[in-house]
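Quick note, the sequences are listed as chains A and B, same order.
If you number the first sequence the way our numbering does, the last residue is 231 and the count never jumps.
If you number the second sequence the way our numbering does, the last residue is 691 and the count never jumps.
Treat the hints as calculated values from the structure; they're not laboratory data.
Just so you know, even glycine gets a beta-carbon here, dropped at the ideal spot from N, CA and C.
The reader is advised that the hints may include incorrect statements.
[Stated by the list, open to error] Here are some of the chain A residues that sit facing chain B, going by a computed Cβ distance under 8 Å:
| id | residue |
| --- | --- |
| 1 | Pro82 |
| 2 | Thr104 |
| 3 | Phe118 |
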Amino acid sequence: MAIKWGMVIDLDRCTGCEACVVACRAENNIPTAGADQAARERAIHWIRVERYWEGEFPDVRLRFRPVLCQQCEAAPCEAVCPTYASHHTSEGLNAQIYNRCIGTRYCGNACPYTVRFFNFYNPVWEKPFHLQLNPDVSIREVGVMEKCTFCIQRIQAAEIQAEAENRELKDGEFTTACAQSCPPKALVFGDLNDPASEAARLSRSNRGTKLLGELGTKPAVTYLEPESWEG
Amino acid sequence: MSEKTIAQINDDLLRPVLRTSARFWIAVLVLGAVVAAAAGAVSYQMWNGIGVWGINRPVFWAFDITNFVFWIGISHAGTLISAILRLANAPWRRPVTRCAEVITVFALMIGGMFPIIHLGRPWLFFWMVPYPSERGIWPQFRSPLAWDFFAINTYLTGSLIFLFYPIIPDFALVRDKVTGWRKKLYTVLSLGWRGTPRQWHRLESAMHIMAIVIIPVAVSVHTIVSWDFAMAPVPMWHSTIFGPYFVAGAIFSGIAGLIIAMAFLRKVLRLEEYLQPAHFDSLGKLLLMMCLVWVYFVFAERLTVWYGNESAEMAVFWTTQRGPFAPLFWTMVICNFVIPFPLLAIKRFRTTITGVVIASWTVVIGMWLERFLIIVPSLSHKYLPYTYGSYRPTWVEITILVGANAAMGLLYILFSKFVPIISIWELKVGAHKPVVVHKQVSVVRTLPAVADDGLRTTDT
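So here's chain B without its partners, still in its complex pose (with noise of 0.2 Å):
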């Protein structure tokens, strides 16, 4: 099989973005009523107080804020990832940092709206941000939220940046191609791209400045959405280890995410040929590597808690481990370790595309119980026996959890209509070298051919 040529590559990677099948629209219909529903649900809670949720005294938090530690959880999937194969130069990333990075910005945007229609009085939000108001006080600065409130925004801002530095190359070139008010749009976006060599020049250094700076945000992202538990007295919340765990989780869930979405670009835009198994299989390495560090932390977590036998933490600790929440406890142990360990580490299944998938479902899923696990059994057993509580979710919790997952869908597939999912000019500076001189090519270790990169479209 022979490479691609620049022209194949335009004309495979712009499809998406300059013609529209029925089938889109199919899609956004349905996501967009889905989301709609959701929208509605929303309404409704605030019309009539959030009483209509499943929230009680004392499960304060239940599905709202697992819903937005999920949601940050995936956003880690991008930038972190593709930051860091970015600065590793690894060569297989060329055609995986543009699916993840916009999953960071959609699922942070999706996150980030869960602590504001969480609230018992959500108009009022903006109490959150320091100006100088009537009110005369500022948010107080030693509470988690407001660390929250901070982190996140840096995150988003950060994220935005990350995405949108490399898509200026593509937008100059999608400019060039359309006419009408869409070349007005992609003029404005490309922001007066030429690809002269002092932009070009200009372009990687704030690419390669952007992928350092925004390692230690996002790392500092789940660590303060961490500590929102570690920092209250309640038992098994008031962890150390819940940091670096958060973290761990978060990377987990979200290249889980990065995979599905991925098999999913991969099917419904035919870039079988871009996307190849050995991106599946480097990603899924990925995953089998988060895989056992998650199950270190848990059992880390759950050995020193046991050990410890403190009473209040015991009467949580049970209630996961054979109480009323062990089936979703060990559902979790199922779908995060038990399901997806063989799958990634037997080579048999990683290298096909739909092992890591499954393996990559699974996680979520067991991700996104791993959250609802942390916080609704410790806050329905906290340490007066005569509190105890239980949870049930109601219609409106599960209308929004789905109408959520529908909106990062919705938005996905609008983004690949606007601009190419997969980097353009990337891939070409992957296939010829020469053409624009990478700062990292010298370091660039010599792979064997298939390995190289995406460009490569052998079907080995």
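Only chain A is shown next, with the shape it has when bound in the complex (with noise of 0.2 Å):
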């Protein structure tokens, strides 16, 4: 069966540390936008902590949610692209081809999550964040269009390795930046066509949910809701 990548969240376990933030900026080449584009709502983060309140003062209670792309099967930002700069892959992955994006961001607006980002300006990394840069992601220029893509580096760095071994990939392999900062384990991800992966596992939790399922993109994250959530 081919592969189907996803993940899952488990909110029981996310502390809001950020860590995945701060690993996927470091693993995808992400440019800082610093502190004026920053508040003019341009950051770029392909992952994000979304912090709600819930209740009412003094009774509240903190809730967070670990928010990236989908990967939505029925993706609504890839049938709106005029030039297929979104498309999707074999293994269920949305894809976004830098190259052929000419910047009309509809994606962007059709997106319901908002987890696609776009280049204002050029990039720059003040130095000597330029020497941190990783040679397996590619940056992106000014007036494109970018996002998650669940580590495709290193799909593809395991996927070359397994085969020129001659093997099938193992579960556990290898995983997303994020996944692997994650220091209470909220993020798993995984085969979910390989029933025995961890991921898939998770997935048939009776505590899963799909974000804005109710909009039928068939999102490739499942998050498991905490046990007391009512939401």
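Both chains are given apart, each in its own frame, so use the hints to dock them into the complex.
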């Protein structure tokens, strides 16, 4: 069976530490926007930790929800792109082909999760951050959209390695930068079509929900809601 | 008051083409300077990146697409009104059609520019064109933006032809009156027109075909523009009402734009005897009807959203009704209904040109706000409250907005310098019907003399 990459996010485990955000930034050459641009809502975070307060003071609770591209099976962003820059891969990824992107930003509008990001300017890295760029990830120029890739460079490296060694990919052999850096292991990445993988096993949990599932986008990310969740 | 003779019509309507005043050059200079400033703003944006605009995440579209939809809306003045009036054989259309048709062409050129300059990488816009390239892919025809590209190009081509056909006899008239390089220019443009019965017959047939063809094209264009929004799962965009709602809004703003242009021509080119209060009255009635249609659509849209009470849509709904966008929303309602409705419904106001023109200005402003309020509140309040955003334009976007308006004025002035802005031969046909037998003459109802057509130069 073909691979279908997916993720499970256990909201009971997430502490909102944002290690995933930092790891993603380092792994995927995400430029820093700077205070001024960030204030203009132009900062790029392929993964973010949404924070919601519940209840009325003083009886309040804090909820965290890491949100990244949901790699939808029926992705609204793909159909609207006039140049096939937003493209569905055979492994269920919602890929963004930077060189095809002409920057209509329509995908960013169509995405209900607002997880697509636009390069309003050419990216710059203040010294010495330019020395830590990941050579496996291309840098995006001004005018193109970008988004979470499920660390496609790691996927490809692992697949090439497995093929060279003439064997199947093993579950847990590699993972995404965000999942790797998550201290409480709230994020689990894997092949959803492999019933034995941890991601597939967890996604069958009766706590499992899809973010904005009612929109019919068929996300590849499953959220395990906290037991006490009332929302 | 007597009817104009053919010589008088020629004199009055060819005057702007044959003589150029200092006022013309001043207007060209001023408008040209504003257009140049906007061109500078666009260059600045292309050089630095689109970050010099106020757009952000999640408000990826704002002034750019507002202007696009607005100008495509204005373009519905011409072709649609002119085609319908031609097919209905409304006698009062004769002095109106050309100034309407030319609005279409220029508004489409201006509107069509916005989707190109709003791209992140505008130099690659030609990837929208299906051509066999080394990249090995075509545009994606599932995307409403690709539909848009074809719809607007079809409409622009059709409108140019629709504008050009009835000008041919007038080009020939100018050709016979000028000398030098202008003689050569108009000789080419008039395509060997001699005015033979055979040529007249063909022209009438071609115009009739184009008038029929252009109506579905015009309707489809703004429907497709509306689908840029309606096809995306964005709160208050994803609506079946958008197609007809946008077409109605387009005709509404288009008529208003036409009235403003006609009032301007009337004053500047001293065409008071051709563009009479009766014409403004008739167009005012059309504007009144579209005003009511527009209010009906807004009411139907708002009521169903409110009654449906879906949480994401309600977030957008309340930002426009009593949230941060409420001042703009209620300004829109005032501009599109509260002011124009009494001005157009009460005969005493509608029969004054000032009343109709004031109503038209408020409608144009209100319809621009309407487009803005469709785009920005929805984008700034998508599903996840964590990603709610806001929007504020920068000087670059405001300069481009002003420049687009100046470009319309500039193109219009230049056009009226090269082409008689009122169709001379059609006026003559109206004055002396037996000269050229119009195919539909037999079905024209006998109308009271005063309301007959623009050839009556009574001052009533």
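Cross-check of the supplied hints:
no.	hint	verdict
1	Pro82	holds (4 Å)
2	Thr104	holds (6 Å)
3	Phe118	holds (6 Å)
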